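Trainee: Chain by chain, the residues run as shown.
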Amino acid sequence: MKYRIVIPACMLVCMHTSIANAFENFEFSGYMTVMGTYAKLEKKANPAQNTKYDNSFAADQLDFDTRGNTIGFQASAGVTDKMDVTLVLQALGGGNQYDIAAEWAYASYSATDDVTIRLGRFKGPFFMVSEYSTVGYAYPWVTLPHEVYSTNPMTAVTGIDVVYNTELGNWDFLFELYTGSGNHKATAQPTFINSAANAAGPNLSKGATVNFSTDEMVGFNTSIGTRGVTLRAGYFSTSVDIPSFGISSARGNFGGLGLIVDWQDILLYSEYIVRDTSAELVAAFPDQKAWYATLGYRFGDFMPYFTIGGMDEGKDASAYAVKQSSVTLGFRYEVGPTSAIKFEAQQAKTDSVSGSTDKYGLFDDPVRNDKGNIFSASFDLIF
Amino acid sequence: MKLSRKLFSVLFLSCLFTVVSSVKAEIVVITNKATKLHGISLDEVGKLYLGQNKSFSTGQRVTVADQVTGSEIRQKFYKKVLNMTEKELSRYWAKRKFTRKFKSPKVISGDLAIKQWVALTQNSLSYIDGKSLDGSVKVLLILP
Chain A
3 MKYRIVIPAC MLVCMHTSIA NAFENFEFSG YMTVMGTYAK LEKKANPAQN
53 TKYDNSFAAD QLDFDTRGNT IGFQASAGVT DKMDVTLVLQ ALGGGNQYDI
103 AAEWAYASYS ATDDVTIRLG RFKGPFFMVS EYSTVGYAYP WVTLPHEVYS
153 TNPMTAVTGI DVVYNTELGN WDFLFELYTG SGNHKATAQP TFINSAANAA
203 GPNLSKGATV NFSTDEMVGF NTSIGTRGVT LRAGYFSTSV DIPSFGISSA
253 RGNFGGLGLI VDWQDILLYS EYIVRDTSAE LVAAFPDQKA WYATLGYRFG
303 DFMPYFTIGG MDEGKDASAY AVKQSSVTLG FRYEVGPTSA IKFEAQQAKT
353 DSVSGSTDKY GLFDDPVRND KGNIFSASFD LIF
Chain B
106 MKLSRKLFSV LFLSCLFTVV SSVKAEIVVI TNKATKLHGI SLDEVGKLYL
156 GQNKSFSTGQ RVTVADQVTG SEIRQKFYKK VLNMTEKELS RYWAKRKFTR
206 KFKSPKVISG DLAIKQWVAL TQNSLSYIDG KSLDGSVKVL LILP
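Protein sequence lines, in the order shown, are assigned to chains A and B.
For what it's worth, our numbering labels the leading residue of the first sequence as 3, then goes sequentially.
For what it's worth, our numbering labels the leading residue of the second sequence as 106, then goes sequentially.
If we strip away everything but chain B, and leave its shape as in the complex, we get (with noise of 0.2 Å):
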């Protein structure tokens, strides 16, 4: 018995170990802490980015930011949640932004500037590098 919960307070230890290093080395979407929602897809986030929904599962109007053209999150994150170049995504905009039929997401600079807002902002969306994250916000996907 103590042998087992040894090993298991170990694995337990391990795991969370691997979880909070895996969040600081990769990219976490995130939404303001008072969003009633404890997790997402990825498919769900791959929708929302591209305006072709526009709600959470909750059904709350979502708003979404999004990182800065050509940094190295935004493209690390399209190529994950779409499997998208940013060229293929400005392509993908072209078509649809100046219709106002989709909505493309508002731009923020830097993680530091999309944590304050995603604090500030009720039923927000964004993603910001694992190294950044801190108690100001609430993780509701880890990007591998």
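Looking at chain A on its own, in the form it has when it is part of the complex (with noise of 0.2 Å):
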């Protein structure tokens, strides 16, 4: 009888002290883009249409709620001195209505001081800036190079993730390896549903998403810098299903090298990848290769930049594959100690792909005569 009452008593006050310690082990931040957009294209294929650049980023209305407008907030709750807990909460404008979702949810464990395991939900590194590609105030840009990034619609991986970091003389070296599965949504390639094989098939509307999931993804990131340079060069490979194309374990390939170069007030960012897919990916996401740089000088608080970038048709050629080249102009100024504004003017020249005469860009419909322009504008903050 005894033990019945003191083993439950013991348990409150032990539960009492473990809910004590996480409250006052939690730490919250959190970020925030505001952004405006608009796209103008001098010529348009169909002169009625309402055509958008990059998955709805732009279109040829003054835009305030496009997808670019984000809103994430983060908490972390240590559980012990080695482990804690991490829950993002994320909320994304234009087609995503700003639903919350929790985006992001794990437990990362300081196994030593170089090694920490990350279990659950975790940002997959997949490219440079994939980790932190919704908080605009971390990269100099309005939004990330449409050209490379605009290949990836992946942002998560559930599963594990081991990260090795440590000190070579005066670089920090970092090695990561991941595996995982997860399900995603892309919105179907604009090539693809104007094709005739959509008209035949699927018969998608212009805009649809299509979901889709990964298995037995394998990828590795690595990177080493010094204060002023990092190099970076991460790959992973995935099997890919799509069940309402009736696609299943086809492959899916993707490999990045990037460079930031942070040196006193130069600014340099540059990434070439590669997307390389199985032939039943050949519609959805076919192969493609990519590549920007940016060059920004700091003058006290205001950088102005440049961006060139591009993309082609990868190892396999397809008529789905997108080519353009772009050039943009803009700027950052920094507001505060942790908020930013800035502004872009981007003209993207469009180009044809092997078996299709059709020159459509990043752009939903053809460009008659090969050229958009897209300004974007944004407000980001971080707390």
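FYI, nobody ran anything at the bench for these hints, they're computed from the structure.
In this text the structure is predicted, and so the values were computed from the model without any measurement.
Each residue gets a CB set at the ideal place from its N, CA and C atoms; glycine is no exception.
Don't take each hint at face value.
Claimed, not checked - Computed list of lysine-lysine pairs in BS3-like fashion (alpha-carbon distance at most 30 Å, straight line): (1) A:Lys84 / B:Lys200; (2) A:Lys84 / B:Lys152; (3) B:Lys184 / B:Lys243; (4) B:Lys220 / A:Lys84; (5) B:Lys138 / A:Lys84; (6) B:Lys243 / A:Lys84; (7) B:Lys243 / B:Lys208; (8) B:Lys200 / A:Lys187; (9) B:Lys192 / A:Lys84; (10) B:Lys208 / A:Lys84; (11) B:Lys220 / B:Lys206; (12) B:Lys206 / A:Lys187; (13) A:Lys84 / B:Lys141; (14) B:Lys206 / A:Lys84; (15) A:Lys291 / B:Lys200; (16) B:Lys152 / B:Lys208; (17) A:Lys84 / B:Lys211.
Claimed, not checked - Coverage of chain B stretches by chain A, computed from C-beta distances (three or more under 8 Å per stretch; other residues unrestricted): (18) 155-167; (19) 195-205.
Claimed, not checked - Far from chain B by the CB rule (all over 10 Å, computed), these chain A residues: (20) Asn98; (21) Gln99; (22) Ala103; (23) Phe194; (24) Val231; (25) Arg253; (26) Ser280; (27) Lys291; (28) Gly298; (29) Ala321; (30) Ala347; (31) Asp353; (32) Ala379.
Put the two chains together into one complex, using the hints given.
Mentor: And the structure:
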């Protein structure tokens, strides 16, 4: 009898102290981006159509409710001095209608000084900026370079991630290995939507999203950096299922190299990526290669920059692949210690790929005289 | 002999006085009194504050606390330790803190609260104005 009383009492005391400790170790942070975009085509293939650019990032009307609008809230709780739990709630604008989703939720355990293990749903370190792709304040641009980042619609991996981070002399070395699965959605390729194959088959409408799942994803991400320079390489391979297309166990491989130079007042970002998929994915995720380079110079709080970027068909030619090059002029201005405003004007020059005469680039419709101008501005903050 | 001893004590006193007065004027890096460490280098402090190192040289896991963003002492601290402005620091953490591969310091408001937290927390690390220093915490480094 005595034990029966003592044990629950003990449990209560223990629970109380652990809850109190958990609250004491709570840490909140977040990010926000407010954006306006506008796309202008000189001549449209079909004047009646409201042409959109890069998965509804911009349309030919001034738009303040695009997918670029972001609110994110991160809560981390220390469980022990080596383990913490993180939850990120995020709402995106545009077609996502600010639905709040638990985008990332994982436990991270720092096994030793050099090794951190993350378990759960974490941001995939797919390309150089992928892990903070929605934290606009963290990068120079209004939005991630379209050519490279439009090739990968995935944001999260549910699985396990082992990060090894150590010092090699004055260099900071990171090597990370991850594996997992995921359910994702992607906007169907406009080149496919307008094709005869779509009309004859699934008959998807413009802007339709397609659900797909990934399994047995295995990837690595490595970087070496010193103050001022960071070099990055990554690769991942995954099995892809697209039930609505009857595709299962197709394969998608993504690789990338990146460089960041942040030396004195000079800023340079550059990346080259390839998407290499198996033949079944020719309509949904055709092979592509893409790259960009950004050069900026800081005049105190004001940093003008320009970016050149491009994308082209990849290893296996596909009539659904897209090709374009772009030049962007922009600036970033630091408003306060944790906020910035940015502006960008981009000119995208579209081209056709082998097996097609249409010049889509990243537009929803073919562009008749090759050129489209995209303007965007944002206010970004972190807290 | 007498003269040299006198000279020595005068010198010693003046040295002591300069140390004390410089402590009063500047930032002190502090830890819990139980920490088995008598000093720390500027480089080590910098790496702990950037999340690049997680332990003291003794191997003990450190919990780092920072002053509030925008406070004068925080601006001075990062200028002296890492030669970084607060804006550079914000950009540094914006890239890292949402991945949790690196842990950013917890934020505690003001010298008094920091001293209390350091006095209660084992293997803690923080910094306060030398003027706020008292016997409740242990000094690891004085920033000139």
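Trainee: Over 10 Å from every CB of chain B: does A:Ala321 meet that, or does the non-interface label fail?
Mentor: holds (38 Å)
Trainee: Keeping to a limit of 30 Å between CA atoms, is the pair of B:Lys192 and A:Lys84 held or broken?
Mentor: Holds. B:Lys192 to A:Lys84 sits at ~29 Å (cutoff 30 Å).
Trainee: Between A:Lys84 and B:Lys152, is the straight-line Cα distance small enough, at 30 Å or below?
Mentor: Status holds; Cα separation ~18 Å.
Trainee: For A:Arg253, is the shortest CB-to-CB distance to chain B above 10 Å, so the non-interface label stands?
Mentor: holds (27 Å)
Trainee: Classify the label on A:Asn98 as holds or violated, using whether its beta-carbon is more than 10 Å from each beta-carbon of chain B.
Mentor: With a cut-off of 10 Å, A:Asn98 remains clear of chain B, as the shortest Cβ separation is near 19 Å.
Trainee: Would you mind confirming whether the straight-line C-alpha gap from B:Lys206 to A:Lys187 stays at or under 30 Å?
Mentor: holds (27 Å)
Trainee: Taking C-beta pairs only, is A:Ala103 more than 10 Å away from all of chain B?
Mentor: holds (15 Å)
Trainee: Given the proposed pairing of B:Lys200 with A:Lys187, does the C-alpha separation stay at or below 30 Å?
Mentor: Within the cut-off at roughly 25 Å; holds.
Trainee: Given the hinted pair A:Lys84 and B:Lys200, is their Cα-Cα distance within 30 Å?
Mentor: Between A:Lys84 and B:Lys200 the Cα gap is close to 22 Å, so the pair holds against 30 Å.
Trainee: Just to be careful, I want the Cα atoms of A:Lys84 and B:Lys211 compared with a cutoff of 30 Å; is the pair within it?
Mentor: holds (15 Å)
Trainee: Run the distance test for B:Lys243 versus A:Lys84: straight-line Cα separation, threshold 30 Å.
Mentor: holds (24 Å)
Trainee: Check whether the Cα positions of B:Lys243 and B:Lys208 lie no farther apart than 30 Å.
Mentor: Answer holds: B:Lys243 to B:Lys208 is near 24 Å, not above 30 Å.
Hint violations for this structure: none, all hints satisfied.
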